[in-house]
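*Asks:* Listed below are the residues making up each chain.
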Amino acid sequence: MTDIVLDNVSVKRGASIVLDSLTLALSERRVAVLGANGSGKTTFVKLLNGLVLPTAGRLMVAGLDVARDVHAVRRRVSFVFQNPDNQIVFPIVREDLAFGLRNRGMAKDEIADRTATVLARLGIAHLADRQVHGLSGGEKQLVALAAAMVTGPSLIVFDEPTTHLDLRNRNRIRAVIGEMAEDAVIVTHDLELARDCERAVVIADGRIGFDGCPAAAIDWYVGRCS
Amino acid sequence: MIGSLYHPGDTPLHRIPAAAKLGFLFAAGLALFLTDSPAPLAAAAAAAALLLAATGAPARSLWRQLRAVALIIALVFAANLAFADAGTAFAVLCRLSALVMAAMTVTVTTRTSDMLEAVERGLSPLGRMGLANPAKVGLAVALTLRFVPEIFGHYREIRDAQAARGIAASPLAILVPLVVRNLKAAEDIAAAIDARGFGAPRDGASPKERHRP
Ligand SMILES: Nc1ncnc2c1ncn2[C@@H]1O[C@H](COP(=O)(O)OP(=O)(O)OP(=O)(O)O)[C@@H](O)[C@H]1O
Ligand SMILES: [Mg+2]
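Taken in order, these protein sequences are the chains called E and H. Sequence positions in the first sequence follow the working numbering and run 1 to 226. Sequence positions in the second sequence follow the working numbering and run 1 to 213.
If you're looking for bench data, these hints aren't it; they were derived computationally from the structure. Please note that a few of the clues may not be correct.
[Claimed, not checked] Straight-line C-alpha distance at most 27 Å; calculated DSSO-like pairs for lysine-lysine:
#: 1; chain 1: H; residue 1: Lys136; chain 2: H; residue 2: Lys184
#: 2; chain 1: E; residue 1: Lys46; chain 2: E; residue 2: Lys12
#: 3; chain 1: E; residue 1: Lys12; chain 2: H; residue 2: Lys136
#: 4; chain 1: H; residue 1: Lys184; chain 2: E; residue 2: Lys46
#: 5; chain 1: E; residue 1: Lys108; chain 2: H; residue 2: Lys136
#: 6; chain 1: E; residue 1: Lys12; chain 2: H; residue 2: Lys184
[To be verified] Rough simulated footprint, nothing fancy, chain E against chain H, three-plus residues with beta-carbon under 8 Å:
#: 7; stretch: 9-17
#: 8; stretch: 146-159
For clarity, every value in this text was computed on a predicted model and none was experimentally measured. Heads up, the beta-carbon is just placed ideally off N, CA and C, and yes, glycines get one too.
Excised from the complex, chain H in its bound form (with noise of 0.2 Å):
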């Protein structure tokens, strides 16, 4: 069964506040764009990995959320390896496993409410200053966090699908009807939102907002 991102345990991991973690991630992300040597990405790929493992989590239930994943950096490292040379592709190849790694170390030990929280809360002054929507990082890394294991859930249908008919599995061959699946759900998504009333004055806001169309 895919689907459960947050796994729950008591590990030191577990315990860490969730925007420290979130700001760990933050840096991290920003540190790894820092330098295109392969030695240190190199590093920080084992690291994230090690990390990964003392989450407890157990590794099959990882590799499954993994990946899909795994297929895009895999085209990502093939197309380096390709229109580039072999030392770029391989700094990308640990580049983005890090990154990747490093996230769902985050996710896996954090509770969603927690996350969300801590985003809204470390948003706040910038949303004040009226340079982000708090309201709005926080709605988008839930549905991100919603959605992640029903878009796998679809990947998984449509190669099945296909390969019942006999079609060898191609990444094209997947990945179109998956875009095309999750653009029309995106859109149901979309009007849920808006019928729950998202983005709606809310009960105490003065009625020169109430009325803002």
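So that you can see chain E by itself, here it is in the shape it has in the complex (with noise of 0.2 Å):
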């Protein structure tokens, strides 16, 4: 498991307070973030790899201090954008996974054998050499994970995997994230998903509003929005 520890956590945009003094240990293998859209949880989970940096506060994720040692905390969190449109920057799905592990000095062969593993493990070995552009949502979704798993992290992080998904795809990222040996947070709006979680975050209006099992958390949320 990855310990993330944020210890009185604030981001700022300008005037405006996105997340407000959060404090918080994490130590399961499977976290949901739930709450409303605008509520902060893509700015909360963009601070487990420094995509975001707290304006104040600390925030440690396995043992480094995220804003001291970003580069290391990268090397074991991965993240997995909403829209893996964005996120899938080589044309070939193969040159794609490839890049992660190019950032990295890996030799050749070894970026090979590792790509070739990744991609049987989600079994989608067959869209290799596939330009990405011409794949379906799901297909691109799968990809995405591909790319954040090659590189070896203990920990991935994803941002509402299932919203672009139909139900076959997304049923299958959830067996997926279900199955795999990383840790997991995850956003999401899907309660299925949350259900299948050690522990439920629901944030509200930047900050925590109900920390705990998911079906007490689901609880919280699904009677505020009502």
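Using the hints, put the two standalone chains together into the complex.
*Replies:* What follows is the structure, encoded as structure tokens:
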């Protein structure tokens, strides 16, 4: 498991406070993050690999201070964005998976090995030489996940991984997340996906509205929305 | 289906090494700006069109990829016609068309991975001198190849959406939403590139380098 410890973490954007003094310790293997649109979920998870830095407070991930060791943190934490279109940066699937590995200075044949292993693990070996542009939404989401996995992180952060998917692909992603060895923090509006987790945190107006087991968190969240 | 810039094939153009094609493209690009006279520029455009035809890629798919660029070239042509003279406008038209078709000939016949390797290898002396960052240039090339088809796709969607609402096709009405949408995407893409460790110290880096911010 990957320990995440927030100590009075705030994020300000100009004059507005997006996240307000969050204090939280997470060590579960599956954590769901719920909350209304604009409540600060994406900002919260972007903190976890230094895409957003705290403007106040301290955030430790796997014993590392994110503000000081951002590159070391990014080696341990991969990020799967909501829209795979904007996260896949190379035109061919195989090349995209190689990108994160080349950034680590890995040798060519090791890159080829790792890429093939991960594609097989997700059941998309047949997509290796396909043009990204021609893939379906579900295939793109699997490729984005493969690219996140291939670098061997201990934690994978997902920002609404099933939002753009049809039922079949959504179930597939849900199964993959359920089975994978890596830890996961998952922002989602998909309550079933949240129920699969061990813990759920509800963000409300930049604060922690509820924190506990998913069933109770969902009840609290649903109650608030009705 | 737009998208496949690379057209698999086995023409002589496919077999020329990527580095040679890119070198030729670079030289041709420079040469096109050495003259302003219409005759050689027209000859260059015709030659580029012949090369493009020799790639064996279907004309329909080539045209689909060229269409949006053609729109921009047409705008530049019109602007020159309005603010300069017909000779200049024709020369500019030929120069840009030659450049675009030559560049397309290269992308249509060369795999991205081959192209990137050639770019990074070609720039490595400049990299050692600290004048250019080969990895960054390589990434820029890859991003262009990855997102040009995507942007064409957006262009079509916006055009269709406006047609559906009865808005007559006007370049400005399409360009503005297109730019806004792609700026938003660019922000996300930049974050994704950061998240994936681009520019981070590599495993082989010395401890000193490793601690550089
Ligand atoms: N780059 C930015 N500049 C200014 N404000 C921002 C920026 N990014 C986010 N915000 C603001 O911060 C708040 C939280 O945004 P965030 O994206 O974290 O919400 P979210 O919970 O992920 O919402 P959604 O469910 O819609 O994805 C919003 O009010 C948003 O407008
Ligand atoms: Mg969000």
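*Asks:* Work down the list of hints and note, for each, if the structure agrees.
*Replies:* For each hint, the structure was consulted:
1. Our distance criterion of 27 Å between C-alpha atoms is met by Lys136 of chain H and Lys184 of chain H, whose separation comes to about 21 Å.
2. At most 27 Å may separate the alpha-carbon atoms for a hinted pair to count; Lys46 of chain E and Lys12 of chain E meet this at roughly 14 Å.
3. Of the pairs offered as hints, the one joining Lys12 of chain E and Lys136 of chain H is violated, with about 31 Å between alpha carbons and a cut-off of 27 Å exceeded.
4. Straight-line distance between C-alpha atoms of Lys184 of chain H and Lys46 of chain E comes to about 17 Å, which keeps the hinted pair within the 27 Å bound.
5. Between Lys108 of chain E and Lys136 of chain H the CA atoms are separated by roughly 19 Å; this keeps the pair inside 27 Å, and the hint holds.
6. Taking the CA atoms of Lys12 of chain E and Lys184 of chain H, the gap is about 20 Å. The hint holds against a cut of 27 Å.
7. Residue count for the stretch 9-17 of chain H with a Cβ under 8 Å from a Cβ of chain E: 0. That is fewer than the three needed, and the coverage hint is violated.
8. As drawn, the stretch 146-159 of chain H meets chain E at 4 residues by the rule of a beta-carbon pair under 8 Å; at three or more, the given contact holds.
Consistency with the previously given hints fails for numbers 3, 7, ordered from lowest to highest.
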